[in-house]
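The listed protein sequences correspond, in order, to chains E and B.
Adding 32 to a residue's 1-based position in the first sequence gives its number in my numbering.
Counting from 1, position 41 in the second sequence corresponds to residue 39 in my numbering; the numbering is continuous, with no gaps.
Treat the hints with care, since some could be wrong.
To give a feel for the contact side, a few chain B residues facing chain E, derived at Cβ under 7 Å [claimed, not checked]:
hint	residue
1	41
2	43
3	50
4	70
5	72
6	85
7	89
8	97
9	100
10	105
Mimicking DSS-like on lysine-lysine, the simulated pairs with C-alpha atoms at most 30 Å apart in a straight line are [what the hints assert, rightly or not]:
hint	chain 1	residue 1	chain 2	residue 2
11	B	39	E	111
12	E	111	E	141
13	B	13	E	101
14	B	52	E	137
15	E	137	B	39
16	E	74	B	13
Simulated restraints, written as ranges between beta carbons of each label pair [claimed, not checked]:
hint	chain 1	residue 1	chain 2	residue 2	range
17	E	141	B	18	34 to 44 Å
18	E	35	B	94	24 to 34 Å
19	B	61	E	63	24 to 34 Å
20	E	46	B	74	41 to 51 Å
21	E	54	B	13	33 to 43 Å
22	E	87	B	95	35 to 45 Å
Just so you know, these hints were derived from the structure itself, not from any lab.
The beta carbon of each residue, even a glycine, is placed where N, CA and C say it ideally should be.
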Amino acid sequence: EDQVTQSPEALRLQEGESSSLNCSYTVSGLRGLFWYRQDPGKGPEFLFTLYSAGEEKEKERLKATLTKKESFLHITAPKPEDSATYLCAVRTIGQGNLIFGKGTKLSVKP
Amino acid sequence: EAGVTQFPSHSVIEKGQTVTLRCDPISGHDNLYWYRRVMGKEIKFLLHFVKESKQDESGMPNNRFLAERTGGTYSTLKVQPAELEDSGVYFCASSQARGVYEQYFGPGTRLTVT
Chain E
33 EDQVTQSPEA
43 LRLQEGESSS
53 LNCSYTVSGL
63 RGLFWYRQDP
73 GKGPEFLFTL
83 YSAGEEKEKE
93 RLKATLTKKE
103 SFLHITAPKP
113 EDSATYLCAV
123 RTIGQGNLIF
133 GKGTKLSVKP
Chain B
-1 EAGVTQFPSH
9 SVIEKGQTVT
19 LRCDPISGHD
29 NLYWYRRVMG
39 KEIKFLLHFV
49 KESKQDESGM
59 PNNRFLAERT
69 GGTYSTLKVQ
79 PAELEDSGVY
89 FCASSQARGV
99 YEQYFGPGTR
109 LTVT
């Protein structure tokens, strides 16, 4: 069964304290891995798509990487405005829908 | 460019009643998806339209749920009759026609069945 597991469930950081979020996946065939950010009361906001192992994408303080088994979302020198739930999702070969993990709730304190 | 919109933002109904949720995708997006998140669980797929055709409805929980997409534009998701376990947040997403394009999500409709 295709599955996505995110860790940790929650993460508290001080402003400027860099860290990483993990997304492990078990799928029959990966078509793409997606990272989203979700703020309370809002829908998921697209951040990155990664297609193959070794690929990396960056946006401001965020950097996403991909291996054959997992993806990391690295947050460098986070700010309070980076506080949100970060969702990882995969799309498998032959399917159009996304399979989501439960997310990591990130809190950044000033 | 306008994003994905959903209406209503919140609906509270009694068990046994009917509710219809609406989604307007990004203009020009042929793919439209419905997802649901129930409390404490991950977002889960319900169904996928390509234009006006149902491509995949494997995630629909039962026949109390009916989705339509008239003319390949907006979509509706009707729940009839609603049960307590239908409570959750219903998200709609859309994406372009080809390739592994990212899906853009609407703000969701929070459905509460009492």
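Results of checking the hints against the structure:
Checking residue 41 of chain B against chain E by beta carbon gives a least distance of about 4 Å; that is within 7 Å, so the hint holds. The interface hint given for residue 43 of chain B holds, since its Cβ lies 4 Å from the closest Cβ of chain E, which is under the 7 Å cut-off. A distance limit of 7 Å between C-beta atoms decides the matter here; for residue 50 of chain B the minimum to chain E is near 15 Å, and the interface restraint is violated. Residue-level restraint check for residue 70 of chain B is violated (minimum Cβ-Cβ distance to chain E is 15 Å; threshold 7 Å).
Given hint, residue 72 of chain B at the interface with chain E, is violated; its Cβ is 16 Å from that chain's nearest Cβ, farther than 7 Å. The closest approach between the C-beta of residue 85 of chain B and any C-beta of chain E is roughly 16 Å, which is over the 7 Å cut-off, so the hint fails. Interface restraint check: residue 89 of chain B against chain E, minimum CB-CB distance 6 Å, threshold 7 Å, status holds. At a threshold of 7 Å, the smallest CB-CB gap from residue 97 of chain B to chain E is about 9 Å, leaving the interface hint violated.
Because the beta carbon of residue 100 of chain B sits about 5 Å from the nearest beta carbon in chain E, less than 7 Å, this interface hint is met. The criterion of a C-beta within 7 Å of any C-beta in chain E is met by residue 105 of chain B, whose closest approach is roughly 5 Å, and the hint holds. A hinted pair counts as satisfied when its Cα atoms are at most 30 Å apart, and residue 39 of chain B with residue 111 of chain E qualifies at roughly 28 Å. Simply put, residue 111 of chain E and residue 141 of chain E have alpha-carbon atoms about 8 Å apart, close enough for the 30 Å limit, and the pair holds.
Using a Cα cut-off of 30 Å, the hinted pair residue 13 of chain B and residue 101 of chain E is violated, with the two alpha carbons roughly 43 Å apart. Restraint check for residue 52 of chain B and residue 137 of chain E: the C-alpha separation of about 34 Å exceeds 30 Å, so the hint is violated. At most 30 Å may separate the alpha-carbon atoms for a hinted pair to count; residue 137 of chain E and residue 39 of chain B meet this at roughly 14 Å. For the hint linking residue 74 of chain E to residue 13 of chain B, the alpha-carbon distance of about 26 Å falls within 30 Å, and the restraint holds.
Against the hinted window of 34 to 44 Å, the Cβ-Cβ separation of residue 141 of chain E and residue 18 of chain B comes to about 42 Å, which satisfies the hint. Between residue 35 of chain E and residue 94 of chain B the C-beta distance comes to about 27 Å, which sits within the given range of 24 to 34 Å. At roughly 30 Å, the beta-carbon separation of residue 61 of chain B and residue 63 of chain E lies within the given 24 to 34 Å, and the hint holds. In this structure the supplied range 41 to 51 Å holds for residue 46 of chain E paired with residue 74 of chain B, their Cβ-Cβ distance being about 46 Å.
Between residue 54 of chain E and residue 13 of chain B, the C-beta spacing of about 40 Å keeps the proposed range 33 to 43 Å intact. For residue 87 of chain E and residue 95 of chain B, the Cβ-Cβ distance of about 23 Å falls outside the hinted range of 35 to 45 Å, so the restraint is violated.
Consistency with the previously given hints fails for numbers 3, 4, 5, 6, 8, 13, 14, 22, ordered from lowest to highest.
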